[in-house]
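2 protein chains.
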Amino acid sequence: MPYVAPVKDMLFVMNELAGLADVVAYPSYAQAGVDVDLAPAILEESAKFTQDVIAPLNWPGDQNPSSWKDGVVTTTPGFKEAFEQFAAAGWQGVVHPVEFGGQALPKLIAAACFEMVHSASLSFALCPMLTDGAIEALLTAASPEIQAQYVPNMISGEWTGSMCLTEPQAGSDLSMVRSKAIPEGDGTYKIFGTKIYITYGEHDMAKNIVHLVLARTPDAPEGVKGISLFVVPKLLVNTDGSLGERNDVHCVSIEHKLGIKASPTAVLQFGDHGGAIGYLVGEENRGLEYMFVMMNAARFAVGMQGIAVAERAYQKAVQYAKDRVQSRDLDGSAGPVAIIHQPDVKRMLMTMRAYTEASRALAYYAAAANDAQHAAPDEGQRKASQAVYEFLVPIVKGFSTEMSIEVASLGIQVHGGMGFIEETGAAQHYRDARILTIYEGTTAIQANDLLGRKTVRDGGATARVLSQKIAQTEKELLASSSADAQAVLKQLKIGRAAFEDTVAYILANAKSDTKAVYAGSFAYLRLSGLVLGAWQMARSLLAAERLRDSDPAFYHAKITTARFFAENLLPQASALATSIIESGHSTNALEVEQF
Amino acid sequence: MPYVAPVKDMLFVMNELAGLADVVAYPSYAQAGVDVDLAPAILEESAKFTQDVIAPLNWPGDQNPSSWKDGVVTTTPGFKEAFEQFAAAGWQGVVHPVEFGGQALPKLIAAACFEMVHSASLSFALCPMLTDGAIEALLTAASPEIQAQYVPNMISGEWTGSMCLTEPQAGSDLSMVRSKAIPEGDGTYKIFGTKIYITYGEHDMAKNIVHLVLARTPDAPEGVKGISLFVVPKLLVNTDGSLGERNDVHCVSIEHKLGIKASPTAVLQFGDHGGAIGYLVGEENRGLEYMFVMMNAARFAVGMQGIAVAERAYQKAVQYAKDRVQSRDLDGSAGPVAIIHQPDVKRMLMTMRAYTEASRALAYYAAAANDAQHAAPDEGQRKASQAVYEFLVPIVKGFSTEMSIEVASLGIQVHGGMGFIEETGAAQHYRDARILTIYEGTTAIQANDLLGRKTVRDGGATARVLSQKIAQTEKELLASSSADAQAVLKQLKIGRAAFEDTVAYILANAKSDTKAVYAGSFAYLRLSGLVLGAWQMARSLLAAERLRDSDPAFYHAKITTARFFAENLLPQASALATSIIESGHSTNALEVEQF
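Chains U and D are the protein sequences, given in the same order. Per this note's numbering: the first sequence = residues 1491 to 2085. Per this note's numbering: the second sequence = residues 1491 to 2085.
Please note: incorrect hints may appear among the correct ones.
Pairs count within a copy or across copies, as identical chains cannot be separated in the list.
What the hints assert, rightly or not - Cut-off 30 Å, straight-line C-alpha distance, at most; resulting in silico cross-link-like pairs (DSSO-like, lysine-lysine):
no., residue 1, residue 2
1, Lys1670, Lys1680
2, Lys1980, Lys2001
3, Lys1983, Lys1959
What the hints contain is simulated information worked out from the structure, not anything from laboratory work.
Please model the complete structure; the sequences and the hints are all you need to start from.
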């Protein structure tokens, strides 16, 4: 089924909720000529490209995945050409600096563009997404020489990047990384080790692959503080920039996966033939710190993947529900009607829609905070925005991906028996989405991050800031005379109370009753996503009430969806608060051998 | 991974919650020599067979599914032999009458046996499950001649059965069935039409296939009251009982599915070469009524499939969580520990376990009610039990299957990246489970049934009966002095109130505000499952407190799991009640073109 980018909703969110006008006014963007009128033009261009070029590759990529033979990975037919077009059109460089060939646009605009790429094909999008992360890490920590050598070729799309973190014994726990980096005395290192789950770790879509590899130098301390980051190109780069010999890194297999089958997931062997030549990025033993820069960007991006696949599943389900005629309308119509008229089908479609719109709104809001963190002229605003962004990243990642599995599953359900037939395509989204809560940090990792680093560490300060923002929105809802605003207000107050109660419980008990509190970390993340998502939807409602006359059908839908979110989905927040506060001990009470 | 049947929990539920002693005392069972001591022996036998013979076929069935060539379907290697053993051991006849070769055991015992078959392989189990349904329909409505001709051969496993309901335009809405049955004047009919999604509609595991087919006679009224049921054997049966010519029913293809790949899902073409010979079952135009007998049995069985796949996914996740060493314990241990020590992993495993145990308890309780409905000596008890059973069937079907998708998804999550690799096997459960909320009536169909036929039609009488039973359990909890009982009591009261408020809302508004009420049907089903599941878990807790000293570890686990269910999962009931009562209008508020 064709994909139609939801440009209208994207622009609504950017303008009315995420403050695009403020973002483009930051000096670095304003000076580069970015303004609010640029956004629609860029989004339309991105929509056209993703709809026409990438989206048609999604199903073929599932049916004819990447394949491995003798160390060579061949991607799905059409992927290589599409990536060439993608790079040629400048999409790889959207957020990157102009001096390296990028366009230096705000993350807010880039988020919308990338959402479209992900919707068009999660598998395809992973290649530029990982390359983005690698570029960001190099720009953060690498020497000017390394930057000059690699970054322009990555932004131009001639080379791609990979993130080589995981090893068989080191997944969520990177302190267990064992790959070795032996200094050669000439400034280079020889890298040895096995890396697994390396997305686009080998492929035929670019001339070179720039692996960013975590490894330990011989005298490094144990644990996370002894890990360094290295650039290990697939093909060595000569001093004149031309490509030289094959480096000693080889793809020994790719995985047979549940979904995102077109994207090759490689097992990479470093140094089996004498050692792969690697170049240190930044300082020794600070690798994990640098990697976190790239990982934060990647986590945000994976959250966008959740929203993107949810959007695509929703569009497909709506189409089927409009086409499929079955059973009478409950209002007593004579003959059978399209199933979209059945209340439970509407319940499913509204759930899919409301989750997707709320998650999009929250993610774009976070993107704008990230832009403010980097580009706002006022230091206080930069710091405040950073705190908000860092609080939101695990929620964008964790909440949007968890909901995407539910949404993709509802997408199958709307299709009935057809949904279970692979050719229908709904099942692909259900399979593809299932990786999103796992890679770039499982939901548990996000939840621990939110609870520990983002809530307890600052004594709940950022959580309180967000709570106050919600309270402000409640005041605006109160000022509106509409029944819709009052209905949303009623639930939002309850939701905020659940959030505040939970934060208070966490702060009071995290040290004294650690395991019980962390047993609620997942529920806390989900609760936060629901309350903050409902808040964004409430803001949507207020904006839609202001703008209503200019486009009644669109704004009526925004208002209704906001109300549905508040009345149907947000009530779960209170249940989650109860479970967090009540069930910490029973969760931990069984001994290992009792399972 | 090997499957280990949870015989201990099954027997606990049968004896302590479902009243096995009462069931076996009903005259028809007592006279046949069934007693409580028979159950462990049968369950151990079933465990041995399913673990050793069927379970090893599950993964090969996924990798090497049934295949179609020129109308012939070849099942996964080993399936034919396993089915022969299954039938030879008498498992097909567990619940069926002795005079046809069955063992006439209570459904309560059969439910446990079949749970094991489903856990061992959902795909395999579908063949005897559909055969069971076909036997039940024939025993309900067919003439003694037809019964004598078909049933013994089906119970012996020489022949299998299929249910041919769905057509391309008639899925959830069987009123749209178009297949034709033309009387030949000699008592037989010629059947014409296309049937889709026919599980084991063609295969090589038995000598003959007995298709039960819905079709319309020429002068039948429109809609559901003009549908008749026919027996259409794949091979015609001679008067001496030997197999005769091939009937005009042919498998033109099988589906390429997301899961349960080993079970062939056939498209059957009836009558393309002159007409398939069919024999009327019961009276003309009463086909749907007969089919519902078979469908109720099938719906209960699909609910058991949900429990079964959840159990298997749970066992697999526990094993991995015990084996996988990663990260330190939050209690500050020196080195990395098995991930089962992490609170969020415990949260996932406890969720999987609690859902599975609660759903099993509720299903077995329902099975005992079905036994009482048929075999209790007192007519009042039979009628009361029937009402309870019929109320519970859509919950057993809908709740157990919806939770199974969540549990299978958690099973992947516990495995982290490994869960996404097909060879691990966790993904198979996630794919297999996804059909369970669709076939034999989607969750929406179950929810409508629960809300309309089972709640509104009797003015909430059965709902009130169940509510009073819960209140009685609350009294027993109050009488217990334990903190566990008090904690469960607190949540159960809240849950019961949510159930009662919802029923009151439904009864008050179902006629005046139909679409709004039905928008909450799914949530009502889920709420009912949570509250009734929590009730069974509370009864588990009380029994476990009584029995505690005889097996401290087992009963401590039962108590803890009951408390976890009440504190962690049950609180959702209140949220669902809110969404039912508040969101009916916003669910329905968008016009079709606004989606």
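Okay, the hints, checked on the actual structure:
no., hint, in the structure
1, Lys1670 / Lys1680, "within (8 Å within a copy, 76 Å between copies)"
2, Lys1980 / Lys2001, "between (34 Å within a copy, 27 Å between copies)"
3, Lys1983 / Lys1959, "within (12 Å within a copy, 35 Å between copies)"
Every hint from the earlier list agrees with this structure, and none is contradicted.
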